[in-house]
Amino acid sequence: MEQINKTGLLVEQTIDTHKLIGARVLSGQGNIAGRVKKIQVNPQTLDFEGIVVKRHFWELSYYISKDYIQRISKDAVFLTAEPSILLKFKRVITEYGKIVGWATQVKRNGITNDIEYIIVRSLLSKPKQIDVKKIKSIGTSIIVKNDAVGE
Amino acid sequence: MSEFITSEDVLGKDVIDTEGSFIGVVDKVFLDKQTLEFSAISVDKGLFVSGLTIGREYIDKVTKYAVLLTIVPVHNVRGKQVFDCDGKLLGFVYDIILVDQKNTVNTLIVKTNAFSKKTHIDAQYIKEVGEAIMLNVTHQQLQNVSK
Chain A
1 MEQINKTGLL VEQTIDTHKL IGARVLSGQG NIAGRVKKIQ VNPQTLDFEG IVVKRHFWEL
61 SYYISKDYIQ RISKDAVFLT AEPSILLKFK RVITEYGKIV GWATQVKRNG ITNDIEYIIV
121 RSLLSKPKQI DVKKIKSIGT SIIVKNDAVG E
Chain B
152 MSEFITSEDV LGKDVIDTEG SFIGVVDKVF LDKQTLEFSA ISVDKGLFVS GLTIGREYID
212 KVTKYAVLLT IVPVHNVRGK QVFDCDGKLL GFVYDIILVD QKNTVNTLIV KTNAFSKKTH
272 IDAQYIKEVG EAIMLNVTHQ QLQNVSK
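Protein chains in written order, with my numbering: chain A, 1 to 151; chain B, 152 to 298.
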């Protein structure tokens, strides 16, 4: 292919954005955050800015800025962190294994990925707000400290 | 007597791993025949799924709600997708080979589909295990190693 280029990367060193559409978005923890729906570019600088991701067909798409993108290969986009909005509907349990409920809302610090608190609902009790400091770990479930629910 | 628990406190309890996954329900408690010490639990994982026996060394505590483990049982990796370090999907975990009978993977046996041949991937190439398994090598590097 002919190239017209002054200081930019050679075309062989770049990634075809068209091929990235539909690529998987993977977190460093081995979780699948979704697939790339769109690639967003800064209209002034022409820099890559972020991606629009969709996980399941019944979920809304979400945007991840390049702040949270570690690298891009021809097969996938790798994130630096788990998107915190994906915590929604994860089960919440205490360190002692008591089921607290389901995370129905994740309140973030502005539009960053930093969690401030989660709202947990269950069938039998009122919604609870649990501060991020009370979250012990996040895996298949969100594990909270016992005193987060007054144990 | 309040510092003791009985079999009733254990049987029927949920078994939860360190990721917060519900593994199953305790359906048996094993005692050592010679020492009469608590040795292991048997976990019922549900209909049509074979159970699991977990040794006491992997049990963190028994609470009034659940039996909490110190591990994520490696058997859970069966069925998970496997990606190389470039995010290329290599297949799914068809089976695993453990180190002795410990909770440590020696080898992943990966297939691309139900009818494809099996590929053995040594545990040293596993970078991360989450919803999927991420390797620390590319597909090409794996193929070079197997040659």
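Rather than coming from a laboratory, the hints here were simulated on the basis of the structure.
Just so you know, even glycine gets a beta-carbon here, dropped at the ideal spot from N, CA and C.
Any given hint could turn out to be false.
[What the hints assert, rightly or not] Here are the simulated DSS-like cross-link-like pairs (lysine-lysine), alpha carbons at most 25 Å apart as the crow flies:
#1 A:Lys88 / A:Lys126
#2 B:Lys179 / A:Lys98
#3 B:Lys215 / A:Lys37
#4 B:Lys179 / A:Lys90
#5 B:Lys239 / A:Lys98
#6 B:Lys164 / A:Lys66
#7 A:Lys136 / B:Lys215
#8 B:Lys179 / A:Lys126
#9 A:Lys98 / B:Lys164
[Said to hold, decoys possible] If you anchor each label on the Cβ, the simulated ranges turn out as follows:
#10 A:Lys19 / B:Lys269: 23 to 33 Å
#11 A:Ala81 / B:Gly230: 20 to 30 Å
#12 B:Glu208 / A:Val11: 27 to 37 Å
#13 B:Thr169 / A:Lys88: 43 to 53 Å
#14 B:Gly163 / A:Lys19: 50 to 60 Å
#15 B:Gly230 / A:His56: 13 to 23 Å
#16 B:Gly230 / A:Asp47: 34 to 44 Å
[To be verified] Which chain A residues face chain B? A few, computed with CB under 7 Å, are given here:
#17 Gly22
#18 Arg24
#19 Leu26
#20 Ala76
How the hints compare with the structure:
no. : hint                           : in the structure
1   : A:Lys88 / A:Lys126             : holds (17 Å)
2   : B:Lys179 / A:Lys98             : holds (21 Å)
3   : B:Lys215 / A:Lys37             : violated (46 Å)
4   : B:Lys179 / A:Lys90             : violated (29 Å)
5   : B:Lys239 / A:Lys98             : violated (38 Å)
6   : B:Lys164 / A:Lys66             : violated (44 Å)
7   : A:Lys136 / B:Lys215            : holds (19 Å)
8   : B:Lys179 / A:Lys126            : violated (36 Å)
9   : A:Lys98 / B:Lys164             : holds (11 Å)
10  : A:Lys19 / B:Lys269: 23 to 33 Å : holds (30 Å)
11  : A:Ala81 / B:Gly230: 20 to 30 Å : holds (26 Å)
12  : B:Glu208 / A:Val11: 27 to 37 Å : violated (56 Å)
13  : B:Thr169 / A:Lys88: 43 to 53 Å : violated (22 Å)
14  : B:Gly163 / A:Lys19: 50 to 60 Å : holds (52 Å)
15  : B:Gly230 / A:His56: 13 to 23 Å : holds (18 Å)
16  : B:Gly230 / A:Asp47: 34 to 44 Å : holds (40 Å)
17  : Gly22                          : violated (12 Å)
18  : Arg24                          : holds (6 Å)
19  : Leu26                          : holds (6 Å)
20  : Ala76                          : holds (2 Å)
Hint check: violations occur at hints 3, 4, 5, 6, 8, 12, 13, 17; the rest are consistent with the structure.
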